[in-house]
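Trainee: Chain by chain, the residues:
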Amino acid sequence: MRALFNYFQSQTIHIKVLVFGVVMSSIPLLLISSCYYFYVKSDLETRIYEKQNLVLESLSHEIEADFTQIFQSSHVLASLLQVDQGESAFYELLQNESIEEAVVTNEKGFVVKRVSRYSLNLPGENERWFTDDMWFKLQTEDQVFGEVEFNQYGQPVMKLAVPFYENNRKKAIGVVVQLQKLIGKISSLRQDDSSYIYLLDRNGRIIAHQDYSKLWQKQPLVQNQNVLGVRAKINQINWELVMEQPKATAFEPINSMLQNGLAAVALVILTVSLISISAGLYFTRPIVQIDREMNRLKQGRNTRTIDIDRKDELGKLVITFNSMSKELLEKSKLLEQEKERLNVVVNGIGSGLALVTKDYSITWMNPILKSWLQEDRLTLPCYASIGGEDSPCQDCPITCSNLTGNVEKLMKIKDYHSAERIFRHRVFELNHAIEEQGEFLVVLEDITEQKQMEERIVQTDKLSALGIMASSFAHEVNNPLTTINVYAEDMMDRIQIDDETLDAEEMEYYLGKIKENTQRCKKITSNLLNFSRKADWTNEVINIKKTIEDSVSLVEYQLRKNRIQLELDVEKGLPPVIGDGLKLMQVLVNLINNAVGAMELEGNLVISATLVEQEILIKVIDNGHGISEDVMDKLFDPFFTTKPVGKGTGLGLSVCYGIIQQFGGNIEITSTLGEGTTIIIRLLAAIGTEGYHDENKAISCG
Amino acid sequence: MKTKWYLFIVTIIAVTAIIFSVLQFHQKEEPFEVGVLMIGKNRDQKFNGLKKGLEELGFDNKEITYIVKNANDDEDKMKRQIVALLDDNPDIIVTLGGVESTLLKEEMSEENKRIPVVFAGVAAPKELGLIEDYRSPGGLFTGINNYHTSISGKRLELLTNLVPSIQLVHVIYDSKIEISQLSLNETKEAAKKLNIRIHPYDVSKNSNVNLRNSIKKEEALLILPSFRIEALTDELVSLATDKQIPAMGLYEFEAEKGMLASYGASFYSQGYQAARFVSLIINGNSPADLPVELPDSIRFVINKETKDAIDVLYNQDLLSIAEYIYPDQIARGEK
Chain Y
3 MRALFNYFQS
13 QTIHIKVLVF
23 GVVMSSIPLL
33 LISSCYYFYV
43 KSDLETRIYE
53 KQNLVLESLS
63 HEIEADFTQI
73 FQSSHVLASL
83 LQVDQGESAF
93 YELLQNESIE
103 EAVVTNEKGF
113 VVKRVSRYSL
123 NLPGENERWF
133 TDDMWFKLQT
143 EDQVFGEVEF
153 NQYGQPVMKL
163 AVPFYENNRK
173 KAIGVVVQLQ
183 KLIGKISSLR
193 QDDSSYIYLL
203 DRNGRIIAHQ
213 DYSKLWQKQP
223 LVQNQNVLGV
233 RAKINQINWE
243 LVMEQPKATA
253 FEPINSMLQN
263 GLAAVALVIL
273 TVSLISISAG
283 LYFTRPIVQI
293 DREMNRLKQG
303 RNTRTIDIDR
313 KDELGKLVIT
323 FNSMSKELLE
333 KSKLLEQEKE
343 RLNVVVNGIG
353 SGLALVTKDY
363 SITWMNPILK
373 SWLQEDRLTL
383 PCYASIGGED
393 SPCQDCPITC
403 SNLTGNVEKL
413 MKIKDYHSAE
423 RIFRHRVFEL
433 NHAIEEQGEF
443 LVVLEDITEQ
453 KQMEERIVQT
463 DKLSALGIMA
473 SSFAHEVNNP
483 LTTINVYAED
493 MMDRIQIDDE
503 TLDAEEMEYY
513 LGKIKENTQR
523 CKKITSNLLN
533 FSRKADWTNE
543 VINIKKTIED
553 SVSLVEYQLR
563 KNRIQLELDV
573 EKGLPPVIGD
583 GLKLMQVLVN
593 LINNAVGAME
603 LEGNLVISAT
613 LVEQEILIKV
623 IDNGHGISED
633 VMDKLFDPFF
643 TTKPVGKGTG
653 LGLSVCYGII
663 QQFGGNIEIT
673 STLGEGTTII
683 IRLLAAIGTE
693 GYHDENKAIS
703 CG
Chain E
4 MKTKWYLFIV
14 TIIAVTAIIF
24 SVLQFHQKEE
34 PFEVGVLMIG
44 KNRDQKFNGL
54 KKGLEELGFD
64 NKEITYIVKN
74 ANDDEDKMKR
84 QIVALLDDNP
94 DIIVTLGGVE
104 STLLKEEMSE
114 ENKRIPVVFA
124 GVAAPKELGL
134 IEDYRSPGGL
144 FTGINNYHTS
154 ISGKRLELLT
164 NLVPSIQLVH
174 VIYDSKIEIS
184 QLSLNETKEA
194 AKKLNIRIHP
204 YDVSKNSNVN
214 LRNSIKKEEA
224 LLILPSFRIE
234 ALTDELVSLA
244 TDKQIPAMGL
254 YEFEAEKGML
264 ASYGASFYSQ
274 GYQAARFVSL
284 IINGNSPADL
294 PVELPDSIRF
304 VINKETKDAI
314 DVLYNQDLLS
324 IAEYIYPDQI
334 ARGEK
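Order-wise, the sequence lines are chains Y and E. Quick note on our numbering: the first sequence kicks off at 3 and runs consecutively. Quick note on our numbering: the second sequence kicks off at 4 and runs consecutively.
No lab work stands behind these hints: they were computed from the structure. Glycine included, every Cβ here is placed at the ideal spot set by N, Cα and C. Fair warning: there could be bad hints in the mix.
[As the list claims (entries may be wrong)] From the structure, some residues in chain E lie toward chain Y, with a derived Cβ separation under 7 Å:
1. S24
2. L60
3. G61
4. N64
5. R279
6. S282
7. L283
8. N286
9. L293
10. P294
11. L297
12. D320
Construct all of the structure, not just a fragment, from the sequences and the given hints.
Mentor: Here is the structure:
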């Protein structure tokens, strides 16, 4: 049933309309016909039984009446013979047409008198008339009858007898009853619709039947199930009349009616089928056309306009489809153009792109990314193929759904030549992505050259600062060296002259001074060396106060030389910040140098550091000539400078901006022309060392 | 493609069903054709009996068509009519007498025709070669043995019992008719048993009955079966009447014409009885299996006027079982 339903479901609409039409038209017709058929059949069966009963009742009464009369006549004759009425009584008996002859037998059963319709009235010599069975019964019963037998002329006859007494001797009157007419009538009586009647004697033999081949046979005891029949007993002689009709002919009228009904049903089905097919085609033609055009559309072929002049829903659907397909074609073209552009962009952008699913599988990557990755890693999850990790990155939006934005991080990948390259790695969540097709877009940018350039710029800037500070360094180193030299010469002179006052204590004082100044030189040079060192970004815990002081020490000479008053205001107990201290020092040196340049002589420079709402604010305030408003926007642009040619590289503030960005902080400049400039650096305080995290280490999702 | 196949099959079924219904609607049962052969007009009663019998058995006139061939007592014409009837090829042929049956049998053997035949009253059909056996006729013929041969002795007994004073019985027979000859033999045997004197008279040797001079009082006439003798009925009645002697015929028409009595199966009842055979054959039985029957009843008829006219003593017992007929009333159309 399920399979049939599924098969039906898989058929086209016009087949379904056809089946619907046929079922709706034929099922009620068949149901009504079936009910009517069974009702009429039952009614017909009842009527047939009634008719058969009527026929049999009439016939059986007729036969019974005949035999009753014969017996009565015989009894009358017996009583007449007792009073010796003679011949006339015999002839009275023969008035009954069925009686062929009448005899009188003596006490031994021999015929003593005969009156016959066909034979001579001469009794035979010692002629026995009774069969043994009849004679035996005659002794006890007042009337007996024998079997159906045949007379000398082949006619069926039956003997009946009644006893009577004459002179105390038991004699009998016997009559031979002619059955030919009776049997012939029953056999040949025409019955309608293949009905037939047959007569059974007391032994169950068929003694009359329309079909003569069945005569004198025993009727089978098993009731024939294929006939409708009734029976009637003839009690007088224990015969039975049976009337039967084969069911096939009995029900022929209604079978014929059924056949006509089925013909009508077939005609209705044919008509309904034609109508249903026409209706199905009428309804489905637009759908089929739409389907065909949709297939063409799917294959990317040009569709044709469906031309159907209908105002119904299907007509509207066709109009909508025509309009939609036209629009779709146009949009497809646009999409193709967009795709082409996108391909150009994706392949020409220089970035590696990949679509990654929630389970880190890479479903697509552009050729650039493929070229960056080693061949055998392309099928691995993204964290393995791109990141080279064994497990998903904890700071990835795929892992941490609460991370918002395109979490950016730098990563290093070794290329085919085992050269380490720096990549910027960003992950974008796609809001309209198809599941399993890649819900995240990973963008990888090779920023190795950029990073190298930045580093070179920083270094250049640093060298520029060093250049500015070169005379200061020389002066700074020169002063202690001069002192050392003075003490060393004085000591040598006094040794040469064997100055007796030069005792051990004084010598120790002299050597102490030399050592002190040597250490000062060493500090200056090491500070200088440290500042000029080219090093990669290193995260460390930065003591703000110390960094400020180290920075100031590098420019101390310049401040003095320009008679600039320095005011350091560093809040006590400031928390550290995390980052590269050397880079922060480079920023401060740059800012102080700029301030010195802006103030020229006798200015005031204030450097403060305070903690405001988890941020450390470092302010560098000078009262120099300030910055005109029209260049404020360009201050952080590389190579922009207000200094005369040869005095500045224009990289200072740009480098500062880059470094502070790298710290994750920001830098602001406010200035009033002629009054001075204030530069504020905001850095995230690392309150407590537990707040420190290495950038290259995992960051907790929380 | 599925739809086309479906339509094709449904159309075939519908058209077939409709054709069957239409055919069934127009299917009419063809009436049975019953050919009837009669040698002369005197067989009309048999034919009437046949029609009535079939009607009472349930066959209406629409179901049976009769093709009647009446030869008007001309044997040659009968032969030609038999040929024509066989050409018509009826379903059943009913012969209304011995001559018709014998001639038909000859012609059918010649033409090798196989049509069931019911003879409505033939004396001694087995002896005529129409059947092999009374219980199982075995061929195409069956019907009624009208017993004229076998009851010839009984008729002699009845005649002499009716008029006990009879001393001699003139037995009228036809030596050219086998049945007649057989009946004579039967009569002779009975006469011997009953101790009655008889005088056989062969009509075939005389163009008329030359007995007028030889018949005396207390004598009687006994008519044996022969269509030739049937043709002489009027002459025989005239003879009996003139001589005031009792005459015993076979058929009631003989009594009606003036004979004292007749004892035999009536033409009407033979025809009536033959209807049963026709019905049985129509219902599918073979004539070979249908036993030949004797007449259902034998009528003992006495012409009341003749009885009253002849001055003899009658056996009252026999008169009590006889059927009286009144020729004058019959002539006036009364019963």
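Trainee: Now look at each hint and say whether the structure bears it out.
Mentor: How the hints compare with the structure:
1. S24: holds, 4 Å
2. L60: This interface hint holds because 5 Å falls under the 7 Å limit.
3. G61: holds, 3 Å
4. N64: violated, 14 Å
5. R279: holds, 4 Å
6. S282: Since the shortest Cβ distance to chain Y is 4 Å, the answer is holds.
7. L283: Since the shortest Cβ distance to chain Y is 5 Å, the answer is holds.
8. N286: holds, 5 Å
9. L293: holds, 6 Å
10. P294: holds, 6 Å
11. L297: holds, 5 Å
12. D320: holds, 4 Å
In summary, the structure is inconsistent with hint 4 from the numbered list given earlier, while agreeing with all the others.
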